[in-house]
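Make a model of the complete structure from these sequences and hints.
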Amino acid sequence: MIRLEGVSKVYKGDVVALRHATAEIQRGEFVFLVGPSGSGKSTFIRLLNREEVADEGRITVSGKDVGEMSSWKVPFLRRQIGCIFQDYKLLPKKTVFENVAFGLEVIGRPRHAVREQVPAILELVGLSRKADRLPDELSGGEQQRVSIARAFVNRPLILLADEPTGNLDPGTAVGIMRLLDRINRSGTTVVMATHDRGIVDSMRRRVIELDRGVIKRDESQGVYE
Amino acid sequence: MLYRLWYYVRETFTSLWRNLSLTLAAILTVAISLSLVGSSLLIREGAARATAQFQEGVEFIVFMRADATVDQDAAIRTVLDTSPAIAGYAYVDKEAAYVEFQQLFSDKPELVESVTAEVMPPSYRIVPANPDAGNVAEMARQFGEQPGVKEVATATDAIRQIEDFSNRVSQALLVAAVVLVGVSALLILNTVFTAIGARRQEIEVMKLVGATNWFIRIPFMLEGTIHGLIGAGLAVPALFVVDRRVLAYFQESDAVPLFRGFAVPEGFVWDTGIWLLVIGGVVGMIGSAVAVTRYMDV
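Residue numbers (our numbering), protein chains in the order written: chain A, 1 to 225; chain B, 1 to 298.
Because the hints were derived from the structure by calculation, they are not lab data. Each residue gets a CB set at the ideal place from its N, CA and C atoms; glycine is no exception. You may find that some hints are simply not true.
[Said to hold, decoys possible] Reference listing, derived: stretches of chain A covered by chain B, where coverage requires no fewer than 3 residues with Cβ under 8 Å from a Cβ of chain B:
# : segment
1 : 20-32
2 : 102-114
[Said to hold, decoys possible] Each pair of labels, with its calculated beta carbon distance range:
# : chain 1 : residue 1 : chain 2 : residue 2 : range
3 : A       : D201      : B       : F13       : 48 to 58 Å
4 : B       : L2        : A       : S8        : 12 to 22 Å
5 : A       : K216      : B       : E204      : 24 to 34 Å
6 : B       : V178      : A       : S37       : 49 to 59 Å
7 : B       : V9        : A       : E137      : 45 to 55 Å
8 : B       : F13       : A       : P36       : 45 to 55 Å
Rendered as structure tokens:
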């Protein structure tokens, strides 16, 4: 599903974000990216949906070379990849329903599809009753659920999560992880960058550890260390 | 499809409304600059029509009396054919004069109906070898004394005055207009830029979930185009005001008799209006396209 071959990325000022990274992630896998701040976790994720372009090496996502892809095709790549973030990136003036619907509307889904899919996904993330709330009326965990709903409403093949529990207390974080686990079990590949030792250790999924841009460890059913 | 169209319209007008003060500034600047462009074109056209008889080096016109005899006419023609002071001439007979009259006063059918070809004076349009003003005046005086000549109109004073006037005014207007069109493009660019800035977050999310660049761009480009079109739409009535008030004033004034020919047919005013709409739309689209491209590259 995802393959990196000798991928390097250097930012201005010779900041190495990723060095000769090689990894392969199968369809339906759940992968944790761990490592200290600045180790290249976010760059790893941003390269996959082409928010960044690698300086060296090759990245393929569901059989397509992401680096070589012409820019007009990038939106179609991103429709196959859902993204969630530490800061949720919800639109503050739109309700929960509208935030999720927005993700479908702007890729040109017809109105009836929006009407059917949005309530279904809100049901899945457990926010049916809060569809008409604004984001700032919700708790952090609920906001992250909205963002997951928006990322998943289009049923992407891959879900990328950059520190999704970074702003949440441990109890709430567990709830979010259960949700991501459920999404993963439905066949979606999940790649999640995290600092959260407790989560990684309790889930026992594949762990890729990055250190100053280098893949230091890649274990199935690993722990944080 | 309809849903998407509705989306574009909704987004565009939300944004226009949110940005009201800048939007109004942009629209008014477009309106003013295009009014000037239009006025300049109208004055040019008016002047060209008023001086139509004096194009291509013609410096004076000898109008024969409608009832001049063949001999009187032949005498004039002999002088024109033989005199070294005459570089060339053209004869306009009654029919041709009538056709020209119809064209010049095409917007005043009652005036056209009140005359016939029979009463139109035939004329000689004369290109002198030496177009110096004093020389032309002297020749005009001499022709004026010939039998059968009704009157002699010289280009030197009235016509040159009108040409000069229209050139200066229309050029000044055009320069101001070009500057202002540039200003309006910049203002539209800025307005669209502000609109984009106000929707940063939305654009970020749109890119993230895979909206195409065109889908993101179109509402902003529509916004700029609408600024241009509304501005041009306001300039069109201004054109008619210029036509009815300013040009009409010249036509009615007796100060310079030739100004009376300073009429622009209504069709020309409409055509100019359509051009203004095209210019307005294009300026708006270009301004917003620049703003969008500068901001959007991923």
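Taking the hints in turn, this is what the structure says about them:
no.	hint	in the structure
1	20-32	violated (count 0)
2	102-114	holds (count 8)
3	A:D201 - B:F13: 48 to 58 Å	holds, 53 Å
4	B:L2 - A:S8: 12 to 22 Å	violated, 48 Å
5	A:K216 - B:E204: 24 to 34 Å	holds, 32 Å
6	B:V178 - A:S37: 49 to 59 Å	holds, 55 Å
7	B:V9 - A:E137: 45 to 55 Å	violated, 30 Å
8	B:F13 - A:P36: 45 to 55 Å	holds, 49 Å
The structure is inconsistent with the numbered hints 1, 4 and 7, although it conforms to all the rest.
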